[in-house]
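Protein chains: 2
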Amino acid sequence: QIAKEVAKLLEMKAQLGADEGKHKFVLKTPKGTRDYSPKQMAIRERVFNAIISCFKRHGAEVIDTPVFELKETLTGKYGEDSKLIYDLKDQGGELLSLRYDLTVPFARYLAMNKITNIKRYHIAKVYRRDNPATTRGRYREFYQCDFDIAGQFDPMIPDAECLKIVHEILSDLQLGDFLIKVNDRRILDGMFAVCGVPDPKFRSICSSVDKLDKMAWEEVRSEMVAEKELSPEAADRIGDYVRLQGGLELIEQLLQDPKLSQNKQAKEGLGDMKLLFEYLTLFGITGKIRFDLSLARGLDYYTGVIYEAVLLQQERQPGEEPLGVGSVAGGGRYDGLVGMFDPKGRRVPCVGVSIGIERIFSILEQRLEASEEKIRTTETQVLVASAQKKLLEERLKLVSELWDAGIKAEVLYKKNPKLLNQLQYCEDSGIPLVAIVGEQELKDGVVKLRVVATREEVNVSRESLVEEIRIRTSQP
Amino acid sequence: QIAKEVAKLLEMKAQLGADEGKHKFVLKTPKGTRDYSPKQMAIRERVFNAIISCFKRHGAEVIDTPVFELKETLTGKYGEDSKLIYDLKDQGGELLSLRYDLTVPFARYLAMNKITNIKRYHIAKVYRRDNPATTRGRYREFYQCDFDIAGQFDPMIPDAECLKIVHEILSDLQLGDFLIKVNDRRILDGMFAVCGVPDPKFRSICSSVDKLDKMAWEEVRSEMVAEKELSPEAADRIGDYVRLQGGLELIEQLLQDPKLSQNKQAKEGLGDMKLLFEYLTLFGITGKIRFDLSLARGLDYYTGVIYEAVLLQQERQPGEEPLGVGSVAGGGRYDGLVGMFDPKGRRVPCVGVSIGIERIFSILEQRLEASEEKIRTTETQVLVASAQKKLLEERLKLVSELWDAGIKAEVLYKKNPKLLNQLQYCEDSGIPLVAIVGEQELKDGVVKLRVVATREEVNVSRESLVEEIRIRTSQP
Numbered sequence: 001q002i003a004k005e006v007a008k009l010l011e012m013k014a015q016l017g018a019d020e021g022k023h024k025f026v027l028k029t030p031k032g033t034r035d036y037s038p039k040q041m042a043i044r045e046r047v048f049n050a051i052i053s054c055f056k057r058h059g060a061e062v063i064d065t066p067v068f069e070l071k072e073t074l075t076g077k078y079g080e081d082s083k084l085i086y087d088l089k090d091q092g093g094e095l096l097s098l099r100y101d102l103t104v105p106f107a108r109y110l111a112m113n114k115i116t117n118i119k120r121y122h123i124a125k126v127y128r129r130d131n132p133a134t135t136r137g138r139y140r141e142f143y144q145c146d147f148d149i150a151g152q153f154d155p156m157i158p159d160a161e162c163l164k165i166v167h168e169i170l171s172d173l174q175l176g177d178f179l180i181k182v183n184d185r186r187i188l189d190g191m192f193a194v195c196g197v198p199d200p201k202f203r204s205i206c207s208s209v210d211k212l213d214k215m216a217w218e219e220v221r222s223e224m225v226a227e228k229e230l231s232p233e234a235a236d237r238i239g240d241y242v243r244l245q246g247g248l249e250l251i252e253q254l255l256q257d258p259k260l261s262q263n264k265q266a267k268e269g270l271g272d273m274k275l276l277f278e279y280l281t282l283f284g285i286t287g288k289i290r291f292d293l294s295l296a297r298g299l300d301y302y303t304g305v306i307y308e309a310v311l312l313q314q315e316r317q318p319g320e321e322p323l324g325v326g327s328v329a330g331g332g333r334y335d336g337l338v339g340m341f342d343p344k345g346r347r348v349p350c351v352g353v354s355i356g357i358e359r360i361f362s363i364l365e366q367r368l369e370a371s372e373e374k375i376r377t378t379e380t381q382v383l384v385a386s387a388q389k390k391l392l393e394e395r396l397k398l399v400s401e402l403w404d405a406g407i408k409a410e411v412l413y414k415k416n417p418k419l420l421n422q423l424q425y426c427e428d429s430g431i432p433l434v435a436i437v438g439e440q441e442l443k444d445g446v447v448k449l450r451v452v453a454t455r456e457e458v459n460v461s462r463e464s465l466v467e468e469i470r471i472r473t474s475q476p
Numbered sequence: 001q002i003a004k005e006v007a008k009l010l011e012m013k014a015q016l017g018a019d020e021g022k023h024k025f026v027l028k029t030p031k032g033t034r035d036y037s038p039k040q041m042a043i044r045e046r047v048f049n050a051i052i053s054c055f056k057r058h059g060a061e062v063i064d065t066p067v068f069e070l071k072e073t074l075t076g077k078y079g080e081d082s083k084l085i086y087d088l089k090d091q092g093g094e095l096l097s098l099r100y101d102l103t104v105p106f107a108r109y110l111a112m113n114k115i116t117n118i119k120r121y122h123i124a125k126v127y128r129r130d131n132p133a134t135t136r137g138r139y140r141e142f143y144q145c146d147f148d149i150a151g152q153f154d155p156m157i158p159d160a161e162c163l164k165i166v167h168e169i170l171s172d173l174q175l176g177d178f179l180i181k182v183n184d185r186r187i188l189d190g191m192f193a194v195c196g197v198p199d200p201k202f203r204s205i206c207s208s209v210d211k212l213d214k215m216a217w218e219e220v221r222s223e224m225v226a227e228k229e230l231s232p233e234a235a236d237r238i239g240d241y242v243r244l245q246g247g248l249e250l251i252e253q254l255l256q257d258p259k260l261s262q263n264k265q266a267k268e269g270l271g272d273m274k275l276l277f278e279y280l281t282l283f284g285i286t287g288k289i290r291f292d293l294s295l296a297r298g299l300d301y302y303t304g305v306i307y308e309a310v311l312l313q314q315e316r317q318p319g320e321e322p323l324g325v326g327s328v329a330g331g332g333r334y335d336g337l338v339g340m341f342d343p344k345g346r347r348v349p350c351v352g353v354s355i356g357i358e359r360i361f362s363i364l365e366q367r368l369e370a371s372e373e374k375i376r377t378t379e380t381q382v383l384v385a386s387a388q389k390k391l392l393e394e395r396l397k398l399v400s401e402l403w404d405a406g407i408k409a410e411v412l413y414k415k416n417p418k419l420l421n422q423l424q425y426c427e428d429s430g431i432p433l434v435a436i437v438g439e440q441e442l443k444d445g446v447v448k449l450r451v452v453a454t455r456e457e458v459n460v461s462r463e464s465l466v467e468e469i470r471i472r473t474s475q476p
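Chain order of the listed sequences is P and X. Residues in the first sequence are numbered from 1 upward in steps of one, following UniProt numbering. Residues in the second sequence are numbered from 1 upward in steps of one, following UniProt numbering.
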């Protein structure tokens, strides 16, 4: 507490200090956020394109919602994580909070518009006042790419498609080996029941289990017993289950488990898990999917199958920094969330997946840094240039003609730029062609087209210039 | 004041009332915001595509910045409009505000990264606690599409390109007739000086002039005289000037104006305005550009040329609602803003334009509503269907093959859907093809491909199915 006060005073002092100086601005982005440079944006767009193509391949529509919601819309949806929500200042009017994920706004959207049937994606930033670890791709402002299927359907078909989507995206992005862990909230709850966890402790014990990917079992066990006052015997029984992972054979084995098979919830969950694995076998993707009883996921709203994709530690590329690998996608079934918003409590079953792309960016960014690949940040096809002075008007006229014909063209904003500087600009920004106007070319009604890479120069008549540029810059 | 208190109490009461009921959620988006449905997103993407193509055609890179900035970053940049900034609640740590525009974050980005030379675009949402008039496309959360050129260049070349861009985008979107008004802060300041406005009143009188697009001169004059204590004589002299609008001939006339021509600032502004019109003539766009001495623009940071594009009232399409037409783009030169952030006060001259697309959306949305055009919200090429029961596994296998081959395909999430329902789904969502599997087809190693529009059916071998779908759904 004292340390916190001191830190706050120091922060105030620093701010005052800055205020006293001539330039009072602290030049930074808020804690846990970042700008994207043009180069980073180029990587980001590659990743988005891969993800959006996949969502569209599966027939999804797209929606968007505001960055903030009424505060009460978010209340009671996130369990222990609710403390991480950003609130807006009360400036009169409604109390607002920044969205924490895209799932709750989606459920609010469905209830508000009485939609009972939709397959949609939504790509947008969400906000969490977490402890950022920006080097490992953990931010307070970050993108989520969500795909969800809402509607009353036959069991596990949409659920299987969500896993297929994660598999397609992670394969497509070539991030290295990955694993998708799968579990079911009903199996977890059934397991807690047969292990002797009292009903009111289910969610809290579930939160502890959720930490097993970061903490050893012994630590999690002591949290359960010491902090959450679970009996050591119950904890040990849980310990036996959460160590189990496997495929169809494990599901069969648990369906025979004398205790679990007597529990209605667990039995339902295991039955659906079996069906899910049958569909995943048809999709040919069981090789990267593992039924894992330690997977819990923190959020309160899940009701059925849950899953999480992790990248597996791999050999590093030469020059690449070791990266904390971790979860890159997660999701599950939440059949009760829409009903929480509907005035008549009508349920709309939903299942979905969220791709967390910040870690994917971090990996691809580092990979690009380490490689020799030079990434272009513009798409300019041609620079309009001149070798002689006093040709600004002619350059402007030509570049304007090219723009009007749909050619991506630039011109230097100088009255009399040197030819060398114009060529250097092309080298630096990767522009492949230069269209040079000069006194002689103007007289002859031609433009000299220069290929930057080969230095080859040809005279092209003004009328065929657009076509010539198109041919020379069309992708093979 | 009392009315405000009563409203607040009523609001509190309404909230309490809602809390008492079984379902405590107010089902709405925050005031002045909205969701985008799939159909609205389809329109939005069309508009974005037109704008982004234009920005790329002019060789712009793209950046992104966080949705919030340190509060002090925004302080002192927006004049009277600062009261409209959304602040975040102090939850410990930094004091934050939602961005009000994309220009100030851009200037902060340049100073922070010591960038002196860039041409970039940025498309993102900005936030203003304004009185929303959502029917006329005015929101509290809205998109801006900004294009800016930063760097030390020869006069008016980048400025002219910004106007060319506005012209290209508004022409491309076919929104009807438009006009781009142009003025210069230096001409305004010079005009205020020669009219006898005392120096400290410049910004405040400028704000009054800015209202001339919504208020009659008489009202603006009385605001100047009564509220802002300007002498009636000075106000009348301003009134004579701000009624002037025209082209090159007006610039020439004012360069001869005995008073204005003696003012250094006005003379510089008029000289540059002349140069600007020469470049615009080369671009062939002066027909839609008007030098207008009443254009002021509210923001504090402009230092040179300023502009604003308005849509002109036009005959309505049948069935179209009359829309309040107004500003759809604006911008100008702000040579001092980056220096406000730079620790050494280094200046980076900038000029830019912001396209305000919410009004453009409103217009296009209404036009689409009125027309018969059916807009597709997915890109699905084929639905995998079956006529008989017990073929779910076969449907899943086939759809998975198609996804893996990059075909956009869907399947209904039912074990035994009726063929009629499957065909109806295609009709409703505009899917052009159906791939039907049945016992006989499976034996023969074929798939029945049905064209939804013509009901034509052909048997296609399983191996050539992907190619056949590609050919039949490729854009001509």
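Do not rely on the hints blindly, as some may be mistaken.
Which copy? The list can't say, so a pair holds if one copy fits it or any two copies do.
As the list claims (entries may be wrong) - Each computed SDA-like pair below joins lysine to any residue, with the alpha-carbon atoms no more than 20 Å apart: (1) Lys83 x Leu95; (2) Lys125 x Asn263; (3) Lys31 x Val242; (4) Lys71 x Asp90; (5) Lys418 x Met340; (6) Lys114 x Gln265; (7) Lys418 x Asp154; (8) Lys28 x Glu72; (9) Lys125 x Arg138.
It should be emphasised that the hints constitute simulated quantities derived from the structure, not laboratory data.
**Asked** Looking back at the hints listed earlier, which ones does the structure fail to meet?
**Response** 2, 3, 5 and 6
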